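Given next are the chains, with one letter for each unit.
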Amino acid sequence: MQLANLDFQKNHFDLFGLAQSFRTDIAQLEQQYRALQTLVHPDKSAHLPDAEQRLAMQRATLVNEAYQTLRNPLRRARYLLSLHGVDTQEETNTAMPPDFLMAQMEWREAIAEAQQARDIAALDELAARLQHETHALEDGLADRIDTEKNHAAAAELVRKLRFMEKLAEEIHAAYDAMDI
Amino acid sequence: MALLQISEPGLSTLPHQHRLAVGIDLGTTNSLVATVRNGISVVLNNESGGTILPSVVRYLADGSVVVGEAAQAMQNEDAANTIVSVKRFMGRGLKDVGEISRLPYRFVGVPSSSVAPGGLPGGMVQIRTVAGVKSPVEVSAEILRVLRSSAEAALGGELVGAVITVPAYFDDAQRQATKDAAKLAGLNVLRLLNEPTAAAIAYGLDNAAEGIYAVYDLGGGTFDISILRLSRGVFEVLSTNGDSALGGDDFDQRIHCWLLEKNHLSALSPRDTRLLLTHARAAKEQLTDHGEAHITAMLSTGEVIDNVLTRSEFHSITQNLVQRTLQPLRRALRDAKLNPSDIKGVVMVGGATRMPQVKNAVKEFFGQMPLTNLDPDKVVALGAAIQANLLAGNRSGVDDWLLLDVIPLSLGIETMGGLVEKIIPRNTTIPTARAQEFTTFKDGQTAMSIHVVQGERELVSDCRSLAKFELRGIPPMVAGAARIRVTFQVDADGLLNVSAREMSKGIEAAIVVKPSYGLSDSEITRMLQDSTQHAQDDMQARALREQQTEAEQLLEAVQHALDMDGDLLGADDRARIETRMNELRGTLPLADHAAIKRAIVALNDVTVSFAQARMDKSVASVLAGRNISDLETK
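Sequences listed follow chains S and B, in order. When we follow the numbering used here, the leftmost residue of the first sequence carries the number 101, and every step to the right adds one. When we follow the numbering used here, the leftmost residue of the second sequence carries the number 135, and every step to the right adds one.
This list has only true hints and no planted wrong ones.
Quick list of simulated restraints, FRET-style, between CB atoms:
1. B:550 to S:203: 28 to 34 Å
2. B:638 to S:232: 44 to 50 Å
3. S:276 to B:446: 31 to 37 Å
4. S:273 to B:549: 17 to 23 Å
5. B:450 to S:171: 42 to 48 Å
Simulated from the structure, these hints should not be mistaken for laboratory data. Predicted model only: the values in this text are computed from it and were never measured. Heads up, the beta-carbon is just placed ideally off N, CA and C, and yes, glycines get one too.
Sequences and hints are given; from them, build the entire structure.
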């Protein structure tokens, strides 16, 4: 890869030379990310004039942003849908299926209970179960986006995944709060 | 210097032209300076012949300053004017410095002079000495000045720049204070580097390490844990955590308290406090290799202290300090989504990791012996020197490697009800930028106060306040209609820049975050003026060194050009250039910077057409190269 050939106007997939799909080769993404940072990181231009250092910072910032977007399944799906002009409406569309919302409440209660009882085993179990359900949603997303190209259905799964991400954050905070 | 502007793509400096750069470990207890010499990182000796400079600064009534061992020797006698462990006060307010009563200083709480309306409680703490009130930034600058001059003496030239290490868990205010201190000491900061990362570089390059490593860094006053992935020349920090107010000093304090309790003492004079702390430290060090330590001292009151501290008692009075390091460890692993068993090796850094109870706790936690095959006092400076060498542009293709570091603490802004909205979460790889939109709360609201905070807690009052600024001139609209976009940019030093923009009218406000706990520009100017006396003596010498360096670089560049492309020159032109080169060489020993300058200009004059010819040749070859690579990628 040559710096001169890098186009920073490209979308994130093109930047890393990856196919524009939800199913992504993470190992290849990581490898490309490191190769790109090796070219653009500010440490490579610390001895050059200020203008070049600023440019390096902007490029490295963009490469970091693109990498983090593609590495995280929820952010990758959201980004991919935005490339197709689909707004996932995570803040505005709250019409979730009642059973899903009910399950959310149960999750919340279970996390709060585990935290209150300082029950690490229970929290570990919740974390494992959450991870399992998150993976199932991600598999569904791959089918909706890559195979069926059903973007409306994919957007709903993104909204559900956002709920799961919030639960994961709550579990993380519960561990922190228990000071372990 | 027309000739210097020609360099081949990817080759920014000429071969053989080594630029002097150093790595500085500005430690709580000790400071070191290192450099890369002949491809090997070495710690430089200071004037007294040792490698370790105690981070102790003593102020005398006549305004003179003593740094290092000589200052340390007076720390009991002149405790109030001899500042030790100043790093603990960097970027800290009076309320942050918890143990005030146990420290022998006259602290001055400073209202933050430079803060926007609605101000914040207290700026950086200051200390009253016989030589006047000193900020921790000034005290640190004294240490850096000594390191700089011993490095320049050892290397025989002006430094191009320095990499200065900071604890990974330092927040923005502490980082900014460190950078200000370097500026005050006349150092060009190439990068602020996290201490555990510096250690990982030194260890990783030395051992060709691959895999996931933990760096456990317990220094004099700070604790850091960093988890890194090392693979094929890339050092990627996955997470970091720590406690920027926990270190070896706290173990001394515990022994100090134990002594007070054993001898039913209270309210000691500054001198006696420092005396007992000095003995406490000696006892701590002795207990690393011995089962017990005998502590005897005579206080200024005539009272004699005579106690024996056993290792097991020492372990029990410091047990909770050791435990306090384990929680950040668990958090760092959790953030990296790893278990202790995923860690391939644990690198120990900092003098305090010599304590057996610390080693044991780490061994137990990870289920493996920590790596101690490197000097925990020197590894940070050695790693910093390696990065400084790279950043100065001295690298060769072989030892090319890349460092990807993170911010240690989340950055956010205050929203309604004193809550924090996180904008950049902790452990985000830097450099990074994030933007978030906010809106107005009241109808017709035309100004908005933006309060930037750092920390993990939900309430603003529990986080560190970094800065407050106002965005004015928002067009009056109904509540919730305005769109204010706040952008956080964190650079490769981990320092934050914030800008805000009203989206419909494009009104903009931008700040470099530093006011609340940092120094205002006027304070820095004042400090610089204070040191101008000192500076003026140096100015002549400095100008001379600068011209000499420039002359040497030019001579080297011209010689290189002659060797490479001498065939582009006619015999007359070549002779003219060589005559001017000899004239320039002749001015070098004269100690007359103006004469050197004239000779430089003269040499530049006769090389213009040669430079033009080389440029044409160079452009032609670059264009040829680019065409080929374009063809390859299409």
